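A.B. asks: Residue-level listing of the chains:
Number of protein chains: 2
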Amino acid sequence: MDVRTGLPVVGMVGGGQLARMTHQAAISLGQSLRVLAESPDDSAGLVAADVRIGTHTDLAALREFAKGCDAVTFDHEHVPSGHIRALEAEGTKVFPCADALLFAQDKGQMRERLSNLGAPVPKWRRVFSESDISDFAEAAGWPVVAKATRGGYDGRGVWMLGSVQEATELVATGTELIVEERVVLRRELAAVVARSPFGQVAAYPVVETVQRDGICVEVLAPAPGLPEQRALDAQQLAIDLATELGVVGLLAVELFETDAGIVVNELAMRPHNSGHWTIEGARTSQFEQHLRAVLDYPMGATTLTAPAVVMANVLGGPSGGASIDERLHHLFAEDPGARVHLYGKKVRPGRKIGHVTVLGEDLSSVRARAARAARRLQEGE
Amino acid sequence: MDVRTGLPVVGMVGGGQLARMTHQAAISLGQSLRVLAESPDDSAGLVAADVRIGTHTDLAALREFAKGCDAVTFDHEHVPSGHIRALEAEGTKVFPCADALLFAQDKGQMRERLSNLGAPVPKWRRVFSESDISDFAEAAGWPVVAKATRGGYDGRGVWMLGSVQEATELVATGTELIVEERVVLRRELAAVVARSPFGQVAAYPVVETVQRDGICVEVLAPAPGLPEQRALDAQQLAIDLATELGVVGLLAVELFETDAGIVVNELAMRPHNSGHWTIEGARTSQFEQHLRAVLDYPMGATTLTAPAVVMANVLGGPSGGASIDERLHHLFAEDPGARVHLYGKKVRPGRKIGHVTVLGEDLSSVRARAARAARRLQEGE
Numbered sequence: 030m031d032v033r034t035g036l037p038v039v040g041m042v043g044g045g046q047l048a049r050m051t052h053q054a055a056i057s058l059g060q061s062l063r064v065l066a067e068s069p070d071d072s073a074g075l076v077a078a079d080v081r082i083g084t085h086t087d088l089a090a091l092r093e094f095a096k097g098c099d100a101v102t103f104d105h106e107h108v109p110s111g112h113i114r115a116l117e118a119e120g121t122k123v124f125p126c127a128d129a130l131l132f133a134q135d136k137g138q139m140r141e142r143l144s145n146l147g148a149p150v151p152k153w154r155r156v157f158s159e160s161d162i163s164d165f166a167e168a169a170g171w172p173v174v175a176k177a178t179r180g181g182y183d184g185r186g187v188w189m190l191g192s193v194q195e196a197t198e199l200v201a202t203g204t205e206l207i208v209e210e211r212v213v214l215r216r217e218l219a220a221v222v223a224r225s226p227f228g229q230v231a232a233y234p235v236v237e238t239v240q241r242d243g244i245c246v247e248v249l250a251p252a253p254g255l256p257e258q259r260a261l262d263a264q265q266l267a268i269d270l271a272t273e274l275g276v277v278g279l280l281a282v283e284l285f286e287t288d289a290g291i292v293v294n295e296l297a298m299r300p301h302n303s304g305h306w307t308i309e310g311a312r313t314s315q316f317e318q319h320l321r322a323v324l325d326y327p328m329g330a331t332t333l334t335a336p337a338v339v340m341a342n343v344l345g346g347p348s349g350g351a352s353i354d355e356r357l358h359h360l361f362a363e364d365p366g367a368r369v370h371l372y373g374k375k376v377r378p379g380r381k382i383g384h385v386t387v388l389g390e391d392l393s394s395v396r397a398r399a400a401r402a403a404r405r406l407q408e409g410e
Numbered sequence: 030m031d032v033r034t035g036l037p038v039v040g041m042v043g044g045g046q047l048a049r050m051t052h053q054a055a056i057s058l059g060q061s062l063r064v065l066a067e068s069p070d071d072s073a074g075l076v077a078a079d080v081r082i083g084t085h086t087d088l089a090a091l092r093e094f095a096k097g098c099d100a101v102t103f104d105h106e107h108v109p110s111g112h113i114r115a116l117e118a119e120g121t122k123v124f125p126c127a128d129a130l131l132f133a134q135d136k137g138q139m140r141e142r143l144s145n146l147g148a149p150v151p152k153w154r155r156v157f158s159e160s161d162i163s164d165f166a167e168a169a170g171w172p173v174v175a176k177a178t179r180g181g182y183d184g185r186g187v188w189m190l191g192s193v194q195e196a197t198e199l200v201a202t203g204t205e206l207i208v209e210e211r212v213v214l215r216r217e218l219a220a221v222v223a224r225s226p227f228g229q230v231a232a233y234p235v236v237e238t239v240q241r242d243g244i245c246v247e248v249l250a251p252a253p254g255l256p257e258q259r260a261l262d263a264q265q266l267a268i269d270l271a272t273e274l275g276v277v278g279l280l281a282v283e284l285f286e287t288d289a290g291i292v293v294n295e296l297a298m299r300p301h302n303s304g305h306w307t308i309e310g311a312r313t314s315q316f317e318q319h320l321r322a323v324l325d326y327p328m329g330a331t332t333l334t335a336p337a338v339v340m341a342n343v344l345g346g347p348s349g350g351a352s353i354d355e356r357l358h359h360l361f362a363e364d365p366g367a368r369v370h371l372y373g374k375k376v377r378p379g380r381k382i383g384h385v386t387v388l389g390e391d392l393s394s395v396r397a398r399a400a401r402a403a404r405r406l407q408e409g410e
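These protein sequences, in sequence, are chains W and A. Going by our numbering, the first sequence opens with residue 30, and the numbers climb by one from there. Going by our numbering, the second sequence opens with residue 30, and the numbers climb by one from there.
Keep in mind that the hints are not guaranteed to be accurate.
Intra- or inter-copy, both count: the list cannot distinguish identical chains.
[What the hints assert, rightly or not] No farther apart than 25 Å at their CA atoms in a straight line, the calculated lysine to aspartate or glutamate pairs in the DMTMM-like style are these: (1) Lys-96 to Asp-262; (2) Lys-96 to Glu-286; (3) Lys-375 to Asp-325; (4) Lys-122 to Asp-79; (5) Lys-96 to Asp-354; (6) Lys-122 to Glu-355; (7) Lys-122 to Asp-135; (8) Lys-96 to Asp-79; (9) Lys-122 to Glu-93; (10) Lys-96 to Asp-70; (11) Lys-375 to Asp-79; (12) Lys-375 to Asp-99; (13) Lys-152 to Asp-99; (14) Lys-152 to Glu-210.
The hints are simulated quantities; they were obtained by calculation from the structure and are not laboratory data. Here the structure is a predicted model, which is why all the values come from computation and not from measurement.
This is chain W alone, in the form it adopts within the complex (with noise of 0.2 Å):
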């Protein structure tokens, strides 16, 4: 508890945007987030006022950033479960628990628990040797994909396999690996949910997520035509996970549609890029929804404020042409109703460096409002 406000503490290992944005909602609550950054310009750095230094990997600074911190939750998925496990068993809560975490950091852990539990995932296999991929690829036909089974993110650690030589140049590298059968998805949608300690669980309506080259470019919410049935579908196996696997905070159940159904792409259990667009788009924002959850608090109202919410994220371009400030300019002039977020980060191409979100009552004139406000920010356009 903050003796200033006595209000709780939130820490917040990692200090990208996700934990800029829960810092921001924080305020509303009377809190003020906790930050664990690795640097001061970190996106969450530059604006947060209990910033703290340090690395996730240093069990050291871990145990001093929890001292006082009513919970600790996460901006990523790399802390390693034994830190994690040590700190819960000096008596810190941390959200999600070591135990939880595990399957967003693992998806071989992921496929097998989820499969345990009868959830519809692709076919699947762990892979020890490149004839596990190529046996498999026998059976489910190539291509297949290959995965590694942590660290990836973004399209990174994803591949496509069309033959026995490129299952070999792959395992080759050592990488822990994991194949999947290509699915033949119509689309790609998102359920989220929160879960709080008590069992609480929110469900936010389902989107749809648009990718390009990996990465997602854009969220449709809801999910345009998803039938009912299939959005009560979505979101009753995203609470069935929650519980299942024992989350608290978010979760991000990432979801191919295929013709037969849904089955399961990815998990993720903390703020997620499928969700920003509850900040204008719901009632209450995930930032808000996931303190809520670590802190036990009674869940928030998930309903849309809108018929029709798009979230656009804003990707660095080239470097060149008019800087970031002049670009914002051009779009405030252009659509005074954009609802800019950029996150304070330098240019990388491709980097996710903020996004925008446009509400209306008509889809496709708010999707294309949307698309033209984030390449009116990316460099080099």
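Given chain W's structure and the hints, the job is docking chain A onto it.
C.D. replies: For chain A alone, coordinates are given in the frame of chain W:
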């Protein structure tokens, strides 16, 4: 400009809840508000990354604070004009400028200027002696309203005088005063606009403000039952005043609605309590709008996000009972859709420690929910 982000730096003098919520808005724009706070425990000091400690009457502190700011603006009206002029003379962009802010600092100057502009104001005069009050009251009728020209807020610095004796006692205190007729009003309204240096003005929907003991307790947006022409008149009046007075940033015009029309009560040139509802209730919050205005960005859309929006202030009550954190649990359990904003302030009876906003279709249910939510958070209830 912040070299780390390529985005501008705004400095706000004063560390209260207005600075706190402005920082929250700045985060979305890729910025981090610089705050001049009296103490690190000030409302904004608790949450902002760039907090300088100093007092607004210390010119050296203001000069140091302004270094590197793209614009300097205010959380309150108490910075001496001479200090602002000194900063302006040294090339700092200060918004509102000293010449405009004067009309929010000094009620005598404000009444004089508005009278000259032909704006609707109550009958009034300056007070140099007791007879100025009694002569005025002879013509206008007792009781009359005396106001300190400077420093009043939340009902302080305003006296209802019913007799020559009361007038004599007040004048004897040596306070610089004006006297006004008591306006027979239906209700109070507020028209909030923002103006940029370029001269663009954006007007929010006119709201009804409900006062208790001179303190705003509730804001209804839009003002229920207000004829469209009167709403337009109020917006146009606020736009004209912002333009005539050369305001840059927000201008809140507090109005009396009478049988005959609208009359200007007070002016404020900063984010204002009558605009807190805009955080969720308008497409662009007043806090972002103020930043956009002082940075000469194009203004954001001011459209309502729901048919009925009600903001209720949370005032400190007598101490005792459940802690603020427990109260928050109860409120969230009772109303998952209520939007809470706590300021991190120590509770004192009557002090504004937060506000709650509720949005919906139907004013009377929204209003009841907001009032109940604010009571839940009030200590000692």
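A.B. asks: If a hint holds in the structure, say so; if it does not, say that too.
C.D. replies: Hints, verified against the model:
Neither within a single protomer nor between protomers do Lys-96 and Asp-262 lie at most 25 Å apart by alpha-carbon distance, with minima of 41 Å and 57 Å respectively. Within a single copy, Lys-96 and Glu-286 get their C-alpha atoms no closer than 43 Å, and across copies no closer than 55 Å, so neither meets the 25 Å cut-off. In this assembly of identical chains, the alpha carbons of Lys-375 and Asp-325 lie at most 25 Å apart only when taken from different copies (24 Å versus 35 Å within one copy). Taking the shortest Cα distances, Lys-122 and Asp-79 sit within 25 Å of each other inside one copy (19 Å), while across copies they are farther apart (29 Å).
Proximity of Lys-96 to Asp-354 under the C-alpha cut-off of 25 Å is restricted to the inter-copy arrangement: shortest distance 20 Å between copies versus 39 Å within a copy. For the homomeric pair Lys-122 and Glu-355, the shortest alpha-carbon distance between copies (19 Å) is at most 25 Å, but the shortest distance inside one copy (44 Å) is not. Taking the shortest alpha-carbon separations for Lys-122 and Asp-135, only the intra-copy value of 22 Å comes in at or below 25 Å, while the best inter-copy value is 53 Å. When the C-alpha separation of Lys-96 and Asp-79 is checked against a cutoff of 25 Å, the pair qualifies both within a copy, at 13 Å, and between copies, at 24 Å.
In this assembly of identical chains, Lys-122 and Glu-93 lie within 25 Å of each other by CA distance solely inside one copy; the values are 14 Å within and 42 Å between copies. Taking the shortest alpha-carbon separations for Lys-96 and Asp-70, both the intra-copy value of 23 Å and the inter-copy value of 20 Å come in at or below 25 Å. Within a single copy, Lys-375 and Asp-79 get their C-alpha atoms as close as 22 Å, and across copies as close as 19 Å, so both meet the 25 Å cut-off. For the homomeric pair Lys-375 and Asp-99, the shortest alpha-carbon distance between copies (20 Å) is at most 25 Å, but the shortest distance inside one copy (32 Å) is not.
In this assembly of identical chains, the alpha carbons of Lys-152 and Asp-99 never lie at most 25 Å apart, being 41 Å within a copy and 57 Å across copies at closest. Proximity of Lys-152 to Glu-210 under the C-alpha cut-off of 25 Å is restricted to the intra-copy arrangement: shortest distance 6 Å within a copy versus 82 Å between copies.
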